[in-house]
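J.: Here the protein sequences line up with chains V and F, keeping their order.
For the record, in the first sequence the residue sitting at position 67 is 67 according to the numbering used here, with numbers rising by one throughout.
For the record, in the second sequence the residue sitting at position 84 is 84 according to the numbering used here, with numbers rising by one throughout.
These are computed hints drawn from the structure, not numbers from a lab.
We put the beta carbon where it would ideally sit given N, CA and C, even for glycine.
Be careful, since some hints might not be right.
Pairs of lysine to any residue, SDA-like flavour, derived with a Cα cap of 20 Å [as the list claims (entries may be wrong)]: (1) V:K101 <-> F:H295; (2) V:K101 <-> F:I294; (3) V:K18 <-> F:L300; (4) V:K201 <-> F:E344; (5) V:K101 <-> F:T311; (6) V:K101 <-> F:N132; (7) F:K379 <-> F:S345; (8) F:K379 <-> V:D136; (9) F:K379 <-> V:S196; (10) V:K201 <-> V:R140; (11) F:K395 <-> F:Q312; (12) V:K101 <-> F:I301; (13) F:K379 <-> V:F184; (14) V:K101 <-> F:Q312; (15) V:K201 <-> V:F184; (16) V:K201 <-> F:P340; (17) V:K101 <-> F:N305; (18) F:K379 <-> V:N189; (19) V:K18 <-> F:M290; (20) F:K379 <-> V:V193; (21) V:K101 <-> F:L308; (22) V:K18 <-> V:A116; (23) V:K101 <-> F:A297; (24) V:K101 <-> V:F184; (25) V:K101 <-> F:L266.
Taking CB as the label site, the calculated pair distances span [stated by the list, open to error]: (26) V:S44 <-> F:A383: 55 to 65 Å; (27) F:N238 <-> V:D9: 36 to 46 Å; (28) F:L262 <-> V:F105: 44 to 54 Å; (29) F:L217 <-> V:H212: 52 to 62 Å; (30) F:R268 <-> V:R150: 43 to 53 Å; (31) F:S351 <-> V:P102: 33 to 43 Å; (32) V:R150 <-> F:P458: 31 to 41 Å; (33) F:R302 <-> V:C23: 23 to 33 Å.
Computed far set for chain F versus chain V, every beta-carbon distance over 10 Å [claimed, not checked]: (34) R249; (35) L273; (36) Y338; (37) G436.
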Amino acid sequence: MHVLLIEDDLQAAEYLVKGLGECGHVVDHAATGDDGLHLAITGSYDVIIADRMLPGRDGLSIVKMLRADDNVTPILILSALGEVDDRVTGLRAGGDDYLVKPYAFSECLARVEALARRHQPPQSETVLTVADLTIDTSKRTVTRAGKAIRLQPREFMLLEYLMRRAGQVVTRTMLLEQVWDFHFDPQTNVVDVQISRLRSKIDRDFDRPLLHTIRGAGYRLSDAD
Amino acid sequence: MQTKLIRTTALRLALRYALVYAAVLASALALFMWITRHYMDAGLEEALLTDAEALARIYRDGGPAALESVLHGANDGTANVGEGTVGGHRRFFVLVDGSGRMVTGNLIETPVDRNEAPAPGEVESVWIEEENLPRGAFEDDAYLPLTTVEFDDGHVLWLAWSVEQQETVHELTEYMVEVLPPAMILSLLMGVAIGRHILRRVEAISEGAGEIMNGDLAPRMPVGNRGDEFDALSARLNDMLDQIRRLVRGMSEVTDNIAHDLRGPLTRLRNRLEVTLLERRSDDEYRAAMRDCIHDADSLIRTFNALLAITQAEAGSRRSVWTRVDVSSLARDLGELYEPLAQESGLAFASFIQDDAWMLGSRHLLAQAVGNLLENAIKFTPAGGRVELAVEATKDDVRIRVSDTGPGIPAADWPRAQERFVRLGQSRQLPGNGLGLSLVRAVCRLHDGRMERGDAAPGLVVNLSFARDRGEGRTQPGPT
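If we strip away everything but chain V, and leave its shape as in the complex, we get (with noise of 0.2 Å):
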C-alpha cells in the first residue's frame, strides 16, 4: 500500500515509516505542508496521513485543497488537539478519520489498513458472508452455518462494523468510536467483554473461530487465523 505522510515532527515521522514499512507498505515522507500537498497532488496514494499542526500550510487546509480538487484519497488526520469538537472540524473539512497524539503504533496502523481498504464492500452491500457466516443488514439477520442467531441491536452493530473490515485489525478505540459514538477512554476493558459476549454467540459453538483477538492492538474478523 502506498502512503503518504505528511508531518512536521521527524522523529514522529521516522518512527512511523519504519513502523508502516516493516508492515509491507511504501511511505513517502513530507515535513513541509506546501511539500505534502504537491506530493499529494502530482502522486496516486491509497491513504494520506496528515498532521493538522504544520509549518506554512496547516494540515486542514491541506484537506480542503485536496477535496476541492475531487481528490477522495482517503486521510487520516494526526493532532495533538483531542477534544471531541476537533474532531468534528478536522472530519468536516473533509477528512475521514482523526487520531489524537499520542497514539499507540497500532491504533495508527490499523486505521491507516482500515482507510486503505474502504472501499470494499460499499455501504450498498446489505449482504456481507465471511466463511460460513453471513449478515443481512436490511432483513437485519444473522446466520451461521445455517443457523440463525439472535442478536441484539447493538451486537449486530458491532459485528456489522467487523464485517464489512472483515480480515483487518480493528482497534478497541474504533469500535467505542464508531459503534458506541464514545470518544473517551475507558479505564476497564468494556469492550473486551462485549467482544466476547459476541464470540459466544457467533463463534463459540461453531467449527472454527472468526473473531480474533490481536495482541496489541484489537481484533479482527476473518477465516484465516
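Given chain V's structure and the hints, the job is docking chain F onto it.
T.: Quick look at chain F alone, frame taken from chain V:
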C-alpha cells in the same frame, strides 16, 4: 498607563455634543430667519397693495405734488395719513421718472434694479440695506415687502413697508448669538466633568488590573453600590479573576501531582528497562519485557490524557460548541456498554431511565463523566452486589444517579475523594489512577451542575443534577 483627560472618549464625546448643539442652534436660527424672510402675512400683502393703489390714485388725480405732500406728511383727509405709520408700518418709498431719476422719496435709491423689481400688483420681500433707509428708520438691513406702481407717464413709485417682525428677528438673533458661546462653554465644561468622573472610575479598575499583573491574584476590582455599568464591569472582572485563580491553582496542583504520582510509574518503567539490559536474555524475555513496558507506558499515557481532559473541562473551553444532549439516550447507550462488564464481574445491573431528559452541554464530556462513575461502581463493588444507573427528568432538572452496593465513601472522605490522584483505602490495590471523580466534578462544574454523594447503606450513590433544556438548541451530530 494613565489616560490624559484630553484624550478621554468622554471629552471627545462632549466636544462633539457641543458642536452638534451649536450646529443645531445655528440652523434653527437660519431657519427662523429664512422663514421670517419669506413670511408674508397675506393680509399684509393685500394691505400694502391697497396702500399702493390708493397712492396711485392720488398721483393720477393730483400729480407728483399731491403724492409728495401725502407721503411727506400733509394730512389730506384721506384714509392714509402722511409719513406716520400705516397701521403700524412705516412707509419707505421713492418716485422715479421715466429715465430712472429720483423725483421724491425717503429711500436713498431704488432698492433693486428695475428688471428685478416686483411687478405692479405683486409684492416681494427685498433686502434693503441700512444706508438706503431714511434716518430714524429701522436701523439694520432687513427684508421688507416691496411693491411698485407704474404710471402712464413713465413714472414708477416704489413702495415698501417696515415690518415689525424684523425687529423681533433681530432681537432674537442677538439673543441667540449672545447665548451660544456660554452654552458651548457650559457643554464643554460638562464634558470635562463627565470625562473626569469616568476617567476616575476606569482608572480604579485599571489600577486593580495593574496589581494583578504584578502577580498578586488576590485583589479584586472595586464594586460600588451604584449598580451602574462600572459596577457591573468590576463584578464581571472579578468573576473572571476568580476563574483565572482557580485555573492557576488547578494547574499548579496538576504539576505537583504529576511530579508526585507519575514519577513512580515512570521510574518503574525505566528500571525495568535497565534491569533487562543488565544481562543477556533470550528473545522471548526481551519481548516480554518490552510488552510490559508498553503496558506501563500506555497506563501513563492514559493518566496524562485523563488529566488533560480534566483541565480542559475545568478551563471551560468549547462552551460555544455545546449542543442539546439527549441524556436519556446517552444513559441507555452507556448502560448497554457497561452491563456485560458488570455481569462479568458478578454484579447485577439495572437501569431506570426516563425519557426526554435534554440538557445543553458536551455529550463527550458527559459520557466520560458518567462512564467514570459506572466504572468506579463496577470496580469497587464485590461480586454479588448491584449497580444501578438512573436518569430522571423533573420540571427544571435532569438528574443522573449511579449507585452501587460496594464499600461506599464516608461523608468525611468525600471532599478528598474528588481531588486528583486521591485513592482512598482499599482502592489503592485496584487498577486506576484516582482521576475518575475529579473528572466528574470538573465536568459537573463546567455544566453548572451539582454533584452530591449519598449513602446507599451499604454502598455509594452519586447524584448529578443539571438544568434541563427544553429549548430549540442545536441537536448533536450523529455517530460518525
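J.: Each hint needs a verdict: does it hold in this structure or not?
T.: Comparing the hints with the structure gives:
1. Restraint check for K101 (chain V) and H295 (chain F): satisfied, since their Cα atoms lie roughly 17 Å apart, inside the 20 Å limit.
2. The suggested pairing of K101 (chain V) with I294 (chain F) holds, with an alpha-carbon distance near 16 Å, which does not exceed 20 Å.
3. Between the alpha carbons of K18 (chain V) and L300 (chain F) the distance comes to roughly 24 Å, so the proposed pair goes past 20 Å and is violated.
4. This hinted pair checks out: K201 (chain V) and E344 (chain F) have alpha carbons roughly 16 Å apart, not beyond 20 Å.
5. Between K101 (chain V) and T311 (chain F) the alpha-carbon distance is near 17 Å, which keeps this suggested pair within the 20 Å criterion.
6. Restraint check for K101 (chain V) and N132 (chain F): not satisfied, since their Cα atoms lie roughly 97 Å apart, outside the 20 Å limit.
7. A distance of roughly 8 Å separates the Cα atoms of K379 (chain F) and S345 (chain F); the hinted pair therefore holds under the 20 Å criterion.
8. Between K379 (chain F) and D136 (chain V) the alpha-carbon distance is near 37 Å, which puts this suggested pair outside the 20 Å criterion.
9. Straight-line distance between C-alpha atoms of K379 (chain F) and S196 (chain V) comes to about 19 Å, which keeps the hinted pair within the 20 Å bound.
10. Straight-line distance between C-alpha atoms of K201 (chain V) and R140 (chain V) comes to about 16 Å, which keeps the hinted pair within the 20 Å bound.
11. Restraint check: the Cα-Cα separation between K395 (chain F) and Q312 (chain F) comes to about 30 Å, which exceeds 20 Å; the hinted pair is violated.
12. Pair hint K101 (chain V) plus I301 (chain F) holds up; C-alpha atoms about 10 Å apart against a cutoff of 20 Å.
13. For a cut-off of 20 Å, the pair hint linking K379 (chain F) to F184 (chain V) stands: about 18 Å separates their Cα positions.
14. Using a Cα cut-off of 20 Å, the hinted pair K101 (chain V) and Q312 (chain F) holds, with the two alpha carbons roughly 16 Å apart.
15. Between K201 (chain V) and F184 (chain V), the direct Cα distance comes to roughly 27 Å. Violation of the 20 Å bound is thereby established for this hinted pair.
16. Of the pairs offered as hints, the one joining K201 (chain V) and P340 (chain F) holds, with about 14 Å between alpha carbons and a cut-off of 20 Å not exceeded.
17. Between the alpha carbons of K101 (chain V) and N305 (chain F) the distance comes to roughly 10 Å, so the proposed pair stays at or under 20 Å and holds.
18. Our distance criterion of 20 Å between C-alpha atoms is met by K379 (chain F) and N189 (chain V), whose separation comes to about 11 Å.
19. Note on K18 (chain V) and M290 (chain F): the hinted pairing holds, with a Cα-Cα distance of about 18 Å set against a maximum of 20 Å.
20. Taking the CA atoms of K379 (chain F) and V193 (chain V), the gap is about 14 Å. The hint holds against a cut of 20 Å.
21. Under the criterion of a C-alpha separation no larger than 20 Å, the hint pairing K101 (chain V) with L308 (chain F) is consistent with the structure, at around 12 Å.
22. Between K18 (chain V) and A116 (chain V) the alpha-carbon distance is near 18 Å, which keeps this suggested pair within the 20 Å criterion.
23. Taking the CA atoms of K101 (chain V) and A297 (chain F), the gap is about 14 Å. The hint holds against a cut of 20 Å.
24. For the given pair, K101 (chain V) sits about 14 Å from F184 (chain V) by alpha-carbon distance, which is consistent with the 20 Å threshold.
25. At most 20 Å may separate the alpha-carbon atoms for a hinted pair to count; K101 (chain V) and L266 (chain F) meet this at roughly 19 Å.
26. At about 56 Å, the CB distance of S44 (chain V) to A383 (chain F) agrees with the hint of 55 to 65 Å.
27. Here the CB-CB span from N238 (chain F) to D9 (chain V) is close to 42 Å, well matched to the stated 36 to 46 Å.
28. For L262 (chain F) paired with F105 (chain V), a C-beta distance near 22 Å fails the hint of 44 to 54 Å.
29. Range check, L217 (chain F) to H212 (chain V): about 56 Å between beta-carbon atoms, so the 52 to 62 Å window is met.
30. A hinted range of 43 to 53 Å holds for the C-beta pair R268 (chain F) and R150 (chain V), which are about 46 Å apart.
31. Separation of S351 (chain F) from P102 (chain V) is about 34 Å and conforms to the stated range, judged on CB atoms against 33 to 43 Å.
32. For R150 (chain V) and P458 (chain F), the Cβ-Cβ distance of about 37 Å falls inside the hinted range of 31 to 41 Å, so the restraint holds.
33. Checked against the hint of 23 to 33 Å, the pair R302 (chain F) and C23 (chain V) passes, with Cβ atoms roughly 25 Å apart.
34. In this structure R249 (chain F) is separated from chain V by more than 10 Å, as the shortest Cβ-Cβ distance comes to about 23 Å.
35. No Cβ of chain V comes within 10 Å of the Cβ of L273 (chain F); the nearest lies about 18 Å off, and the non-interface call holds.
36. Its beta-carbon lying about 6 Å from the closest one in chain V, Y338 (chain F) breaks the requirement of being farther than 10 Å from that chain.
37. Distance check on G436 (chain F): its Cβ comes as close as 7 Å (rounded) to a Cβ of chain V, failing to clear the 10 Å threshold; non-interface status is violated.
Hint compliance for this structure: hints 3, 6, 8, 11, 15, 28, 36, 37 are broken, all remaining hints hold.
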